[in-house]
Amino acid sequence: GAVVSQHPSRVICKSGTSVKIECRSLDFQATTMFWYRQFPKQSLMLMATSNEGSKATYEQGVEKDKFLINHASLTLSTLTVTSAHPEDSSFYICSARDYLLGDTIYFGEGSWLTVV
Amino acid sequence: QQQVKQSPQSLIVQKGGISIINCAYENTAFDYFPWYQQFPGKGPALLIAIRPDVSEKKEGRFTISFNKSAKQFSLHIMDSQPGDSATYFCAASRMDSSYKLIFGSGTRLLVRP
Numbered sequence: 001g002a003v004v005s006q007h008p009s010r011v012i013c014k015s016g017t018s019v020k021i022e023c024r025s026l027d028f029q030a031t032t033m034f035w036y037r038q039f040p041k042q043s044l045m046l047m048a049t050s051n052e053g054s055k056a057t058y059e060q061g062v063e064k065d066k067f068l069i070n071h072a073s074l075t076l077s078t079l080t081v082t083s084a085h086p087e088d089s090s091f092y093i094c095s096a097r098d099y100l101l102g103d104t105i106y107f108g109e110g111s112w113l114t115v116v
Numbered sequence: 117q118q119q120v121k122q123s124p125q126s127l128i129v130q131k132g133g134i135s136i137i138n139c140a141y142e143n144t145a146f147d148y149f150p151w152y153q154q155f156p157g158k159g160p161a162l163l164i165a166i167r168p169d170v171s172e173k174k175e176g177r178f179t180i181s182f183n184k185s186a187k188q189f190s191l192h193i194m195d196s197q198p199g200d201s202a203t204y205f206c207a208a209s210r211m212d213s214s215y216k217l218i219f220g221s222g223t224r225l226l227v228r229p
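Those sequence lines, one after another, are chains B and V. The working numbering numbers the first residue of the first sequence as 1 and each following residue consecutively. The working numbering numbers the first residue of the second sequence as 117 and each following residue consecutively.
Don't read these hints as lab results, they were simulated from the structure. Heads up, a few of these hints could be off.
[As the list claims (entries may be wrong)] Cβ-to-Cβ under 10 Å is the rule here; a few derived chain B residues that face chain V:
| # | residue |
| --- | --- |
| 1 | Thr32 |
| 2 | Gln38 |
| 3 | Thr49 |
| 4 | Trp112 |
[Claimed, not checked] Derived DSS-like pairs: lysine-lysine, alpha-carbon spacing no greater than 27 Å straight-line:
| # | chain 1 | residue 1 | chain 2 | residue 2 |
| --- | --- | --- | --- | --- |
| 5 | B | Lys41 | V | Lys131 |
| 6 | V | Lys158 | V | Lys174 |
| 7 | V | Lys216 | B | Lys64 |
| 8 | B | Lys41 | V | Lys121 |
Idealized CB from N, CA, C, for every residue including glycine.
Isolated chain V, as found in the complex (with noise of 0.2 Å):
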């Protein structure tokens, strides 16, 4: 139930393209879901984040798609380069409560000039 599954393990996109990595979760009762990027040796640093009350939310080069009845959502990067190279990470929480964030795996971007 709090666990959050995330795939792939590792991605490799040419510069320019669109990396895409996907999230799917259990427990119904989280309500906010936000996307971290880590680079070696560094704490995560919030990129986007969605309420399941949207469907699509949109930031930039980067845009959350959020599907409620399969428990899904994914993270699209656009025009993808080489300083987006990290490993990114989904995660999960219950803002109603204990504001718990439960990460999933993590998926590691290299994005090749």
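So that you can see chain B by itself, here it is in the shape it has in the complex (with noise of 0.2 Å):
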């Protein structure tokens, strides 16, 4: 089946400073990707839509200067947490959507973000 690789599946940063999370499609052409935040035992919640070519789209509440979102190529989005906090420590998860295959969404194996 169609894989989605996010990239480092493990950082830890120090407070203040960038952490940068690749999402790439591995042998499909997604047009739009997700980016999802869980902290533990949680459920998923939606940061933000990200469409290739174009400006992300943030869901309420979601800092846009903070989460910075690229989606440069149909293959790859990238997520920036810019000066990073503690309390952004959270499981980051991106998602994928298969444009070819219509309505079929996989998601990437997740990064923890750690920030000290």
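Got two chains here, each in a separate frame; can you build the complex from them with the hints?
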């Protein structure tokens, strides 16, 4: 089946620094990618929708200047957490829509971010 | 309008039993209802999905039942196995526009040997 790869799977950064997480669709083209955040034992909360070649659409309450999303190609979207703080520590998961298969959405394995 | 309510929060089933998880939605514009399985530390994996034009879909031991008039859908896991122990999320989406998945709160399933 289709694979969505996230990198890094785990990252620890110091408070105040920025960290970038990559999301790649490995064997299909993804015009739309989504970024989610998940706290332990909680559900996935949609942060933003990333469309190739255009600005991301952020959900209400998500700071667009803090969570920078870039979708530069049909196979890559990046999430940059800027000026990270300990409360940004979370599990970040991306998903990608295979536009040829219509409603099929695949999830990445997630990236654990710990801000110390 | 955007919420998807899921129950129960946790479920314990004996091996071989049937696990049943329920979800309800409010937005009648939703037209795609998937179920995801998530193991600790991993991303969610699509189990099975249904569109509102059918009332039931079965894939192996997994069945979705869909009640459009009640705006409810459920996941049935037949012959539950210890390897099925995971967190299950229902979701809903509008495939004609945003494709955004709105997730339920999740159900932690434990299947006892």
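Status of each hint after checking the structure:
Residue-level restraint check for Thr32 of chain B holds (minimum Cβ-Cβ distance to chain V is 6 Å; threshold 10 Å). This hint holds: Gln38 of chain B has a C-beta 9 Å from the nearest C-beta of chain V, less than the 10 Å allowed. With 10 Å as the threshold, the beta carbon of Thr49 of chain B comes within range of chain V, its nearest partner Cβ sitting at about 6 Å, so the hint holds. For Trp112 of chain B, the shortest C-beta to C-beta distance to chain V is roughly 8 Å, which falls under 10 Å, so the interface hint holds.
Restraint check for Lys41 of chain B and Lys131 of chain V: satisfied, since their Cα atoms lie roughly 24 Å apart, inside the 27 Å limit. About 25 Å separates the Cα atoms of Lys158 of chain V and Lys174 of chain V, which keeps this hinted pair within 27 Å; it holds. Of the pairs offered as hints, the one joining Lys216 of chain V and Lys64 of chain B holds, with about 18 Å between alpha carbons and a cut-off of 27 Å not exceeded. As the CA atoms of Lys41 of chain B and Lys121 of chain V are separated by approximately 16 Å, the hinted pair is consistent with the 27 Å bound.
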